[in-house]
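Those protein sequences? They're chains L and W, same order as listed.
Going left to right, the first sequence walks through residues -3 to 383 as the numbering used here numbers them.
Going left to right, the second sequence walks through residues 58 to 405 as the numbering used here numbers them.
Hints may be right or wrong, so weigh each one.
[To be verified] When the alpha-carbon atoms are kept at most 30 Å apart in a straight line, the in silico DSSO-like pairs for lysine-lysine are as follows:
id, chain 1, residue 1, chain 2, residue 2
1, W, K384, L, K263
2, L, K275, W, K384
3, W, K286, W, K346
4, W, K384, W, K346
5, L, K46, L, K35
6, W, K286, W, K232
7, L, K275, L, K263
8, W, K368, W, K346
9, L, K77, W, K384
10, L, K105, L, K46
11, W, K384, W, K368
12, W, K286, L, K275
[Claimed, not checked] In silico contact screen, one side only, chain W against chain L (beta carbon under 10 Å); selected entries:
id, residue
13, D59
14, T92
15, M123
16, G234
17, H296
18, E306
19, Y317
20, L343
21, K346
22, H349
23, H390
[What the hints assert, rightly or not] Footprint (simulated), chain W over chain L, 3 or more residues, beta carbon under 8 Å:
id, segment
24, 112 to 122
25, 168 to 178
26, 219 to 230
27, 288 to 294
28, 310 to 323
Think of the hints as simulated: they come from the structure by calculation, not from any bench.
Even for Gly, the Cβ is constructed at its ideal location relative to N, Cα and C.
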Amino acid sequence: MDLNFTEHQIAFREEVRKWLADNVPAQVLQTFDTAEGFKQHREWEATLNKGRWGMVTWPEALGGRGCDLIEWLIFEEEYYKARAPLRVNQNGIFLLGPTLMEYGTEEQKARILPKMANGEEVWAQGWSEPNAGSDMAAIRSTAKLEGDKYIINGQKTWSTRAVWADWCFGMFRTDPESQRHRGLTFILVPLNSPGITVRPIPQLDGLPGFAEIFFDNVEVAVENRLGDEGAGWSVAMATAGFERGLMLRSPARFQETARRLVELYTKNRESADNDPAVKDAVLRAYLDAESYCLTTYQTACRLNKGGKIGAESSTNKIFWSELDQNMHATAMSILGARAELLHHAPAAQGVGTWLDGWLFSQSGPIYAGTNEVQRNIIAERMLGMPR
Amino acid sequence: MDFTFTEDQLLFQESVRDFLVNEVTPERIRASWETDSGRDPALWRQLAELGLTGITVPEECGGLGMSALDFVLLAQECGNVALPEPLVHTVLVAVPMLQDIGGDLAAHWLPKIAAGDARVVVGLAQNLVVEDAHIADLLILQHGDTLVAATADQVELQLNESIDPSRKLFTFALKSGATPLATGAEAAPLVSSALNHGALGCAAQALGLAQRMIDLSVQYTSERQQFGKPIGSFQAVKHHMANIAVRLEYAKAPTHRAAYAISLQQDIAAHAVSHAKLAACEAANLAAKNSHQVHGAMGYTWEVDLHIYMKKAWALANTYGDAGFHKARIADHIFATGAALGAGATFA
């Protein structure tokens, strides 16, 4: 065990820090749940890509830096410290990208990855359907192979960023006789295809952060199938595996929230201490964010040495999503009567972005597999309890 | 940056686990409750023969010359079997204390500890009572602002029974002849170091205890049938267990980090130990609570083994600093002006 960064890692951190200091926009971008904000974030992806900072874990040949997980953690730490913009193409870069590298053909990789990398093509997910949420194997949307194209019919929902995205990836039932997780195929669909209707769904903040996608005899060329026909479930599990694993939410994000929470508490200590639970909650937030960081580093080091990620990775999502909720709930308590005010309200002094964060933290225990599903996975696959 | 244990450390853990699981069975623990001392000299002899009593004793004194970091995984295994013998105390508290004191006292007692021929215990005011004082050949005791060394005949002991029948706790009065070792500002760092080492031992054992309670509960709920199926197939039961697993999973790295920081005597050691103890004891307390719940009325009986581990977890949570003590140390750190917090600060 050696908990010191190497000279190479220290130099890498310096390089990241310097580039971000020179390039992070001084003006905070608008949220990417607006048309203008989406455009701004797309441009930011292009800027990142130009500096080769967009996908540090991708291989160098694909425009990345071939970073290992420790370097990725360092990059993320500097990224959140610099308050750089959120990643509008997260679904593409961190979910579809690695899946494509594993299952895609050379032609697919060459055609799709560069445009993903520079923000030219932003990706939405197409997993959930009205009757297939936690029970993803209940998918009903169909894709029927006719000649060299699939004809897609059905409906996807809760598709994050689909309102302005260019493509979506998801699973469709290619074998109409099949049941459950058999007979599903992983297909990439251009969202400007004729027959597609995207209906925005306003979220708690009123902005269309996700959408329903309707497919009415949509034709998709067969070269947009990822993996074999009928193998969609295992391709999707690889994608979900990345998502549930390390790379969806890096510790830096929560450590920065914890730091801001400590700051908020110390600034408002006199009133905050009227509720004795608040100080304890701030303390716990700090400790849990640290625990998340330490544990992620330990896992990353194990994986770097050739270890495998196992069912224990399902603890990850529960831990950070509940931490995020708790931190924002505590901030709301400290803000008191100001907590409900939108940041431009005249009386909203010092409310910062806590309210936005509070809203978003409500979605954490739901997206990427509800925490109840995660708990079932932990109990059955990690602890070996009966089904 | 390498936050992993070496192959050797992991193999050592495995062999000690095998030994402890075979030897320190619930039956043997229950048998020890029926004896006067509650301790098992034959088991201590075995531990010494494996080199475990001298693991942190320097090689020139007959030990293995290893560190707290080498021992932390073994301490987890001691927790996993709820080992009644004071191995964790010996390795993590008594030996480092003797090394800190040095001189003739260390030269005399360290080889005996490594050989399994003598037992030394440390009594801190923070703990109110002294563990295993009745079997100690030498006691190093915090007495007012002085640290004294006393042999068995220089103290008068009074037993304080614990809810955990495995724990043998004593208050003491000094008779004449005890040797003052350090006082005031000289004693303080010795006491504080012993407290941190002891708290690390509690944290590591708590991890093992939590795992053991999970294992017992998974086994019980897989066998116990109600409504025609194992109760472990019900989500309400599963989620109790998953909740323990989450807290336990995220208490391990902080504990390993604390062991590392203590071994290298880093400035952050006290802070890291407080974090570890809070996280690990919280996981163990949750393990006790939820395991008891899924055991139903069986968990409330003397007969079922769960309480062996549950009671030890309860006790360790308030030994070597209770939650309030450790939270106050964390608060001092994070609420100080200019504290280094946030992304990138953890290993800075």
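Okay, the hints, checked on the actual structure:
1. With a CA separation close to 20 Å, the supplied pair K384 (chain W) and K263 (chain L) stays within the 30 Å bound.
2. Restraint check for K275 (chain L) and K384 (chain W): the C-alpha separation of about 10 Å stays at or below 30 Å, so the hint holds.
3. With a CA separation close to 23 Å, the supplied pair K286 (chain W) and K346 (chain W) stays within the 30 Å bound.
4. Proximity of K384 (chain W) to K346 (chain W) is assessed by CA-CA distance (about 22 Å); at most 30 Å being required, the pair is judged to hold.
5. Between the alpha carbons of K46 (chain L) and K35 (chain L) the distance comes to roughly 17 Å, so the proposed pair stays at or under 30 Å and holds.
6. Our distance criterion of 30 Å between C-alpha atoms is broken by K286 (chain W) and K232 (chain W), whose separation comes to about 63 Å.
7. Simply put, K275 (chain L) and K263 (chain L) have alpha-carbon atoms about 12 Å apart, close enough for the 30 Å limit, and the pair holds.
8. Our distance criterion of 30 Å between C-alpha atoms is met by K368 (chain W) and K346 (chain W), whose separation comes to about 11 Å.
9. Taking the CA atoms of K77 (chain L) and K384 (chain W), the gap is near 26 Å; set against the 30 Å cutoff, the hint holds.
10. Taking the CA atoms of K105 (chain L) and K46 (chain L), the gap is about 19 Å. The hint holds against a cut of 30 Å.
11. At roughly 22 Å between alpha-carbon atoms, K384 (chain W) and K368 (chain W) fall within 30 Å of each other, so this suggested pair holds.
12. Among the hinted pairs, K286 (chain W) with K275 (chain L) is inconsistent with the structure: their alpha-carbon atoms are about 45 Å apart, more than 30 Å.
13. Given hint, D59 (chain W) at the interface with chain L, holds; its Cβ is 5 Å from that chain's nearest Cβ, closer than 10 Å.
14. Annotation: T92 (chain W) was flagged as interfacial toward chain L, and the flag is violated, the nearest CB pair being 35 Å apart, outside 10 Å.
15. For M123 (chain W), the interface hint is violated, the least distance from its beta-carbon to any beta-carbon of chain L being 13 Å, above 10 Å.
16. Restraint check, G234 (chain W) versus chain L: the minimum CB separation of about 44 Å is more than 10 Å; hint violated.
17. Against a cut-off of 10 Å between C-beta atoms, the interface hint on H296 (chain W) holds, since the closest Cβ of chain L lies about 5 Å away.
18. The interface hint given for E306 (chain W) holds, since its Cβ lies 4 Å from the closest Cβ of chain L, which is under the 10 Å cut-off.
19. Hint on Y317 (chain W) holds. Least Cβ distance to chain L is approximately 5 Å, under the 10 Å limit.
20. Look at L343 (chain W): its Cβ only gets to about 13 Å from chain L, farther than 10 Å, so that hint breaks.
21. Interface restraint check: K346 (chain W) against chain L, minimum CB-CB distance 16 Å, threshold 10 Å, status violated.
22. The criterion of a C-beta within 10 Å of any C-beta in chain L is not met by H349 (chain W), whose closest approach is roughly 17 Å, and the hint is violated.
23. Interface hint at H390 (chain W): satisfied, since its Cβ lies 9 Å from the closest Cβ of chain L, which is below the 10 Å cut-off.
24. Beta-carbon proximity to chain W at under 8 Å applies to 0 residues in the segment 112 to 122 of chain L; the threshold of 3 is not reached and the given coverage is violated.
25. Requiring three or more residues with a Cβ within less than 8 Å of a Cβ of chain W, the coverage given for the segment 168 to 178 of chain L is violated, as only 0 such residues are present.
26. Coverage of the segment 219 to 230 of chain L by chain W is violated. Counting CB-CB distances below 8 Å, 0 residues qualify, and the rule asks for three or more.
27. Counting residues of the segment 288 to 294 of chain L whose CB lies closer than 8 Å to any CB of chain W gives 6, so the stated coverage by that chain holds, three being the minimum.
28. For a cut-off of 8 Å, the count of residues in the segment 310 to 323 of chain L with a CB near a CB of chain W stands at 3, and the three-residue condition holds.
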